[in-house]
Amino acid sequence: MSKLNQTDIQGFVLRGYNLPYARYVFLHFEDASRARALIGRLLPVITTGQLWDNGKPRSTVNIAFTHRGLAALDLPEATLLSFPVEFLQGMKSRAGILGDTGVNAPEHWDRLWHANAVHAWLGINAQTPAALDARCSEIQALVQETGGAIELASQDAAAIMDEGKPTTREHFGYTDGFGNPDYLGVERSTQPGQGKLMPDGSWAPLATGELLLGYADEAGELPVAPIPHILASNGTFMVYRKLHQNLASFRAYLDEHAAIYGGGREKLAAKFVGRWRDGTPIELSPDGPDQAIVHDPNRNTNFTYGADSEGTRCPIGGHIRRVHPRDAFGFNGRLIDRRRITRRGLPYGPPLPENEPASDGDDRGIVFMALNASISRQFEFVQQQWIEYGNDAHQGNDKDMLMGNHGGKGKFVVQGDRSATNPPFLCNHLPNFVELRGGDYFFLPSITALGMIALGVVDPR
Amino acid sequence: MSNINGKVYAMNAITPMKPWKTSVLKTIFFALEHIKPLQQDLINLSFIEFARWVSVPRNGFPYLGNGQAREELKYDYLLFFSNFNGTWNQYIDAFSAVLSKGLDLVWRWSEKFPGSVPVTLFKEYIARVQFDTDYYFTAYPHATANDLKSAHIVQASFDSLIERTGKCTPEEFGDAYLNFVIQVQAYLGDTGQAPIVF
Amino acid sequence: MPNQNGTIYGLTILSPIINDEKATPSHDLQIRSYLASMPVGEDSPFALAPGTHLARLVVMDDVVFVGAPSIEEHLQSKYLVFESNCDGDLDGYLSGLAAAAPQDLDAIWSHCVGYPGAARPQAFVDYMKACQIETTFFFAAVNNKSVPETLRALQTQRAVADFIASHQGMEPARLQAEFVHFATRLRSAPLPKPGSPASPRPIKTGGRNE
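Chains A, B and C supply the protein sequences, listed in that same order.
If you're matching positions, the first sequence starts at 1 in the working numbering and goes up one per residue.
If you're matching positions, the second sequence starts at 1 in the working numbering and goes up one per residue.
If you're matching positions, the third sequence starts at 1 in the working numbering and goes up one per residue.
Chain A with its partners taken away, still in its complex shape (with noise of 0.2 Å):
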């Protein structure tokens, strides 16, 4: 196929950065044609996929829209029309269908979503705090100037840090940043386990069109995109959940199960999630972590589970086994492919390190965006089938033990075996280690249809 046009395509959508400071500003549009004005003010400013040749920015901004901003955009009522309905419904409505009830429900959700105002989502990535602020002031000051828009709200997001470095780990301690797919045409360093398994056992990359709006999909067709072709193409769908971590219940609970099972604490909390907190696959290190495993692309996603269909290394229901099952459905994984999504986001709120006491009230978690084509099949698909529910993995009604809206019940099964350090064990009366905090559909659009949305030519067919 084509390469892709990488200066048309947000860079968002075709890389994490890695830089660790975010800011996730929420915007809502009053008057659609200044709105626009301030879309043209920004334009030059976000930044696309474009490789850097010169080393890292100071700082990134992107750019997306929930369908309400779309509609105080004035976009044509036939092209609105035309976006598929989860989109036009938005997350909070679709709340049943996500498993959203509960703690989860929308009533409980930060203030910045209760009103529906949401209309626009600037992402701006930075290198340091100063760097943060500075990129923040410029875009606040463009706002200013074509009163295109009000500030909601505003999240921070943080990289962990460990003695000024940043981190890939996560506030229940976990290392993350593994897994995001592969597709045909996204340049980055592409890593065997990341992409679709083939029959003959090696990797291939995913179908553009698996992220990417306007090029084929692994159906072997486009995915269904809103019209005209020019407003969809080159653009994507994101997902955007607040997930605030109760890290008091999280460490309580593996304190009082570790003490009873045999295999230990770091070992317990290897095979909630099917990696040891350093970022080891349990499914090629079962007895314990090995940093040569993590720090070599060739080995830390190459694994299948094939061999391991009784769950005894890794739990038949642990995290990363749901999300990606691999081969573990048969048929060399094709029923998965269509089901992939890429992640990004950073934690949000204090660290805090293993030894200090923590409270399920401190305001910390994780800030986690998705990227697909299409968020009904693939994030919408995974969350409510393979997170809040478990029958492919032949799990019944059982949840992912970490992510799942469990209300104090259900059970998390650790397949096991006849040694002592590897029994068999259950989890039952699970309380919410995640809560969900808030979040929307977005519409990321290629740096074209920005154009076109600034200039306010989009005409449906």
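What the hints contain is simulated information worked out from the structure, not anything from laboratory work.
It is possible that part of the hints are untrue.
Mimicking DSS-like on lysine-lysine, the simulated pairs with C-alpha atoms at most 27 Å apart in a straight line are [unchecked claim]:
1. A:LYS165 - A:LYS56
2. C:LYS193 - B:LYS149
3. B:LYS74 - B:LYS21
4. B:LYS26 - B:LYS123
5. A:LYS409 - B:LYS149
6. B:LYS26 - B:LYS167
7. B:LYS112 - B:LYS101
8. B:LYS101 - B:LYS167
9. B:LYS101 - B:LYS123
10. B:LYS101 - B:LYS36
11. B:LYS101 - B:LYS26
12. B:LYS149 - B:LYS36
13. A:LYS409 - C:LYS193
14. C:LYS129 - B:LYS26
15. B:LYS74 - C:LYS193
All of these numbers come straight from a predicted model, not from anything done at the bench.
Position chains B and C relative to chain A; hints supplied.
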């Protein structure tokens, strides 16, 4: 919604077939019935509880007299009844992704069938030939095909363990119990309600 | 033989619905209306009569016109489709239905041509067989377990998971004693009723089994 009861969905579809094609289809079904490996993919796609195809020749609609008018049809009709777990979209996506050759083999004889790949056209065709269920009963609405298979495994292991229980020492029992837990540990998923259809 | 797969029977019945222009509402609408109010859970006729795994009733209005160049044609009558996946032999199953739920059967099938009524069991069975269509290909995920065996297994599965969870780390003598006690209780527990739904959920889906 009458197509759904608990975790199972009742799909009904009817497609017209030129009569000469019916015997070809019947031969294919005969092969499928008697060459078991051909059914393996269907078994491995483990979300179908029961499914059937029923070929109704054009003069095969039941006629009971009593004032009923006789049917005068040019086509034979292929009826399809499926009882599957999951959503309509998930079901068709899965078939299109992994069983397209088998599906095509069955439905290519039906008029205007577009092929099972790509999936969007296939879904449009199914939507056109599908008709809705008025009443749907399942004896176990809280269980999927996977849940059923798991439950039978657990029952069998449980029965074996009980047989041994009376005759052994506590140490022997402890050992047998560990074996039992290992046998059933992958089959203990809760049963309950289905996620909301979308 | 295609109607049977293992111990499961695939019953397909198409009953012509009475076509009477003077009936208001028409017979097919009366069937639909009755079906809409018939219970789908433990009180369903298919729960009260033995042997039904899954069954459906569908008023089939017409054949489908898939578009030119196919020929458009229509059925002279509507048909009530009865598709059942059931245990054991056909005669026994049908007689069981007639015995357990005659009012429901009559309310539905009295709108069909030539229906003799459930009060005459042999005539009822003969009528159903006259409307039976041979199943051409029948697939069953589990084809060797009856309805009671299935309900028993599901009950066991849930009870076993609870037992394992609450007995972790217990020393063998006590574990053995408690297991014996548990097994006895489970063996004598009443079989769950066919069609019982799961416990109520906090949010409504609008499905009829809420």
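Hints and how they fare:
{"no.": "1", "hint": "A:LYS165 - A:LYS56", "result": "holds (16 Å)"}
{"no.": "2", "hint": "C:LYS193 - B:LYS149", "result": "holds (19 Å)"}
{"no.": "3", "hint": "B:LYS74 - B:LYS21", "result": "holds (13 Å)"}
{"no.": "4", "hint": "B:LYS26 - B:LYS123", "result": "holds (25 Å)"}
{"no.": "5", "hint": "A:LYS409 - B:LYS149", "result": "holds (24 Å)"}
{"no.": "6", "hint": "B:LYS26 - B:LYS167", "result": "violated (55 Å)"}
{"no.": "7", "hint": "B:LYS112 - B:LYS101", "result": "holds (17 Å)"}
{"no.": "8", "hint": "B:LYS101 - B:LYS167", "result": "violated (54 Å)"}
{"no.": "9", "hint": "B:LYS101 - B:LYS123", "result": "holds (16 Å)"}
{"no.": "10", "hint": "B:LYS101 - B:LYS36", "result": "holds (16 Å)"}
{"no.": "11", "hint": "B:LYS101 - B:LYS26", "result": "holds (17 Å)"}
{"no.": "12", "hint": "B:LYS149 - B:LYS36", "result": "holds (19 Å)"}
{"no.": "13", "hint": "A:LYS409 - C:LYS193", "result": "holds (25 Å)"}
{"no.": "14", "hint": "C:LYS129 - B:LYS26", "result": "holds (22 Å)"}
{"no.": "15", "hint": "B:LYS74 - C:LYS193", "result": "violated (46 Å)"}
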